[in-house]
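Residue numbers (numbering that gives the first Met the number 0), protein chains in the order written: chain A, 0 to 320; chain B, 0 to 320.
Be careful, since some hints might not be right.
A pair holds if it fits inside one copy or across any two, identical chains being indistinguishable in the list.
[Unchecked claim] Straight-line Cα separation of at most 25 Å, DSS-like style, residue types lysine-lysine; simulated pairs:
1. K230 - K247
2. K45 - K204
3. K45 - K285
4. K185 - K23
5. K30 - K52
6. K230 - K14
7. K247 - K204
8. K310 - K23
9. K45 - K205
Hints listed in this document are in silico derivations from the structure and should not be mistaken for laboratory results. Remember, it's a predicted structure, so these values are computed and weren't measured experimentally.
Protein chains: 2
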Amino acid sequence: MQAYIIKEINQPPFKTEVAIPVPKEHEALVKISASALNHRDVWITKGQYPGIKLGAIMGADGCGTWEGKEYVINPGLDWGSDEAYQALNFRVLGVPDDGTFADYICIPKKYLHEKPSYLTVEEAAALPLAGVTAYRALVVKTKPKAGDKVLISGIGGGVALFAMQYAITLGCDVYVTSGTEDKIEKAISLGAKGGYLYRDVNWPKKLMADIGGVDVVIDSAGGSGFNNLVKVCNPGARISFYGGSLGKIDGLNPQLIFWRQISLLGSTMGSDQDFVDMLAFVDKYKIRPVVDEVLSFDDLPLGFQKMEAGKQFGKIVFKHN
Amino acid sequence: MQAYIIKEINQPPFKTEVAIPVPKEHEALVKISASALNHRDVWITKGQYPGIKLGAIMGADGCGTWEGKEYVINPGLDWGSDEAYQALNFRVLGVPDDGTFADYICIPKKYLHEKPSYLTVEEAAALPLAGVTAYRALVVKTKPKAGDKVLISGIGGGVALFAMQYAITLGCDVYVTSGTEDKIEKAISLGAKGGYLYRDVNWPKKLMADIGGVDVVIDSAGGSGFNNLVKVCNPGARISFYGGSLGKIDGLNPQLIFWRQISLLGSTMGSDQDFVDMLAFVDKYKIRPVVDEVLSFDDLPLGFQKMEAGKQFGKIVFKHN
Chain A
0 MQAYIIKEIN QPPFKTEVAI PVPKEHEALV KISASALNHR DVWITKGQYP GIKLGAIMGA
60 DGCGTWEGKE YVINPGLDWG SDEAYQALNF RVLGVPDDGT FADYICIPKK YLHEKPSYLT
120 VEEAAALPLA GVTAYRALVV KTKPKAGDKV LISGIGGGVA LFAMQYAITL GCDVYVTSGT
180 EDKIEKAISL GAKGGYLYRD VNWPKKLMAD IGGVDVVIDS AGGSGFNNLV KVCNPGARIS
240 FYGGSLGKID GLNPQLIFWR QISLLGSTMG SDQDFVDMLA FVDKYKIRPV VDEVLSFDDL
300 PLGFQKMEAG KQFGKIVFKH N
Chain B
0 MQAYIIKEIN QPPFKTEVAI PVPKEHEALV KISASALNHR DVWITKGQYP GIKLGAIMGA
60 DGCGTWEGKE YVINPGLDWG SDEAYQALNF RVLGVPDDGT FADYICIPKK YLHEKPSYLT
120 VEEAAALPLA GVTAYRALVV KTKPKAGDKV LISGIGGGVA LFAMQYAITL GCDVYVTSGT
180 EDKIEKAISL GAKGGYLYRD VNWPKKLMAD IGGVDVVIDS AGGSGFNNLV KVCNPGARIS
240 FYGGSLGKID GLNPQLIFWR QISLLGSTMG SDQDFVDMLA FVDKYKIRPV VDEVLSFDDL
300 PLGFQKMEAG KQFGKIVFKH N
């Protein structure tokens, strides 16, 4: 079969011919219909991820068929027994375990979940990793209520967009930040109430003048800008973050945080239960993943280039043959 | 009556003769039996607290008699309707509202709670502000479970000691940090399992070697040392902080926090419900506040000097006449 492996660091994913894997007794051999890209995959090609195993098949997200039925794959392997945190053995599918950028995958049957019938296979492939990460970060950790003002920083990525859609679905007023007006406009067209350019040093003041503050923040950047997120928080606000692409957080004001009873909540991926709950949530409200583009399996490396350039708005999906 | 007021900034509390206040209909005129000192009082004399009103009577903590019964006073005024955070109008008793460093106080009856019968008036006076702050920071925010490892930084202050006592009561294994071996020894004599000198740059490594990590941290320092608290956290850990005496937090690693699913929880004072719950909790388990020293009302300024020098271990209490 055809598969994309991580052959060496700082090279694009390498397309090669490998044997179709043979399922063990508790596993299913799934024919992949569509897969999707995550930042994680790009970081792996750069060597910026723990536990990289050269030669492994890449790809965390996938939707495929087994015994005539379509399934989405939960890419969170061996979460463990505690809902509060993943076990030491937890892995995301796709390096070191062979992933979804292939014609077939062998996967324990417990990670297969029936595809929500209202979704295309391309949409379903866009859902797993970003969908569950957003679900845990927003719904499980910050417990948003209808009417809460929710700020999503850096809109355009998969998790940020799911968080936005979930928050809108829950009756929250959603605001976004972005590096470009274009992405803010797209977010507004999807239901956001407004947005701010994070390179404008006055954006926190503008937000405060416009809406007075926010109750929930979802962030994946960290860095020195994190302080601005704290500054625009209302009393009792929850900031959930699942990434730190801009590095260490400096100059955090403890007085501001404790006096306003603000919670900073680290979150990553999601448990098996989170995945089940996420699927039930999107199915109930018929939430459709925002798909930036569907590329052919042969054009998979083009998706990596687009994500590296930060040009996508929504998930980049690969249609398999 | 005699009372200590904040007459001018950077001067000790000023003892003076003022008229006995006259209660309004919803108020009680309480004769103070004992009062106690908080860091807040010291900061007020230095002008380092918002909303200072010169001429007001100082003191948040008090126990006294009204109509023949002994009461402790809830010093958290007008918390408001949301358990998650205090209203804008929230004040701590004792500047700007006249406080407990006086022979009498007029206080709304709803803030009076029957003194737990097992406590002396001196012990009861030591309880309110530190007791409820510790209760919210530890019990309400971090939800400790029996067997959790709990680290209390900077042991010796009132809140830190209450947090330690509560955690021990809940079946947690408690560890402390301090600037002196002496305070660590005292904490161990009260039931802590061990302690570390925070000026030893290797204390986090020692803790990790000794016990592998902690599940709960209670801090009031912030500053650059805050990162060490994150480093010794187990997956799923909760860090609750109610102060920031060492200033801004720098170099916080977002990856460490989100990958370990750590929560940083700002907390301050407590709601009316927290106060009721705290009293029920200490009464149920017959927890006795750690009293450093009982001074006479006339010697009240000596207590300020001792706290400024950081020499106390436990609450400094004033016995009124």
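Cross-check of the supplied hints:
{"no.": "1", "hint": "K230 - K247", "in the structure": "both (17 Å within a copy, 14 Å between copies)"}
{"no.": "2", "hint": "K45 - K204", "in the structure": "neither (37 Å within a copy, 31 Å between copies)"}
{"no.": "3", "hint": "K45 - K285", "in the structure": "neither (36 Å within a copy, 59 Å between copies)"}
{"no.": "4", "hint": "K185 - K23", "in the structure": "neither (45 Å within a copy, 59 Å between copies)"}
{"no.": "5", "hint": "K30 - K52", "in the structure": "within (23 Å within a copy, 73 Å between copies)"}
{"no.": "6", "hint": "K230 - K14", "in the structure": "neither (47 Å within a copy, 40 Å between copies)"}
{"no.": "7", "hint": "K247 - K204", "in the structure": "both (23 Å within a copy, 21 Å between copies)"}
{"no.": "8", "hint": "K310 - K23", "in the structure": "neither (40 Å within a copy, 66 Å between copies)"}
{"no.": "9", "hint": "K45 - K205", "in the structure": "neither (37 Å within a copy, 35 Å between copies)"}
Checked against the numbered hints above, the structure breaks hints 2, 3, 4, 6, 8 and 9 and satisfies the rest.
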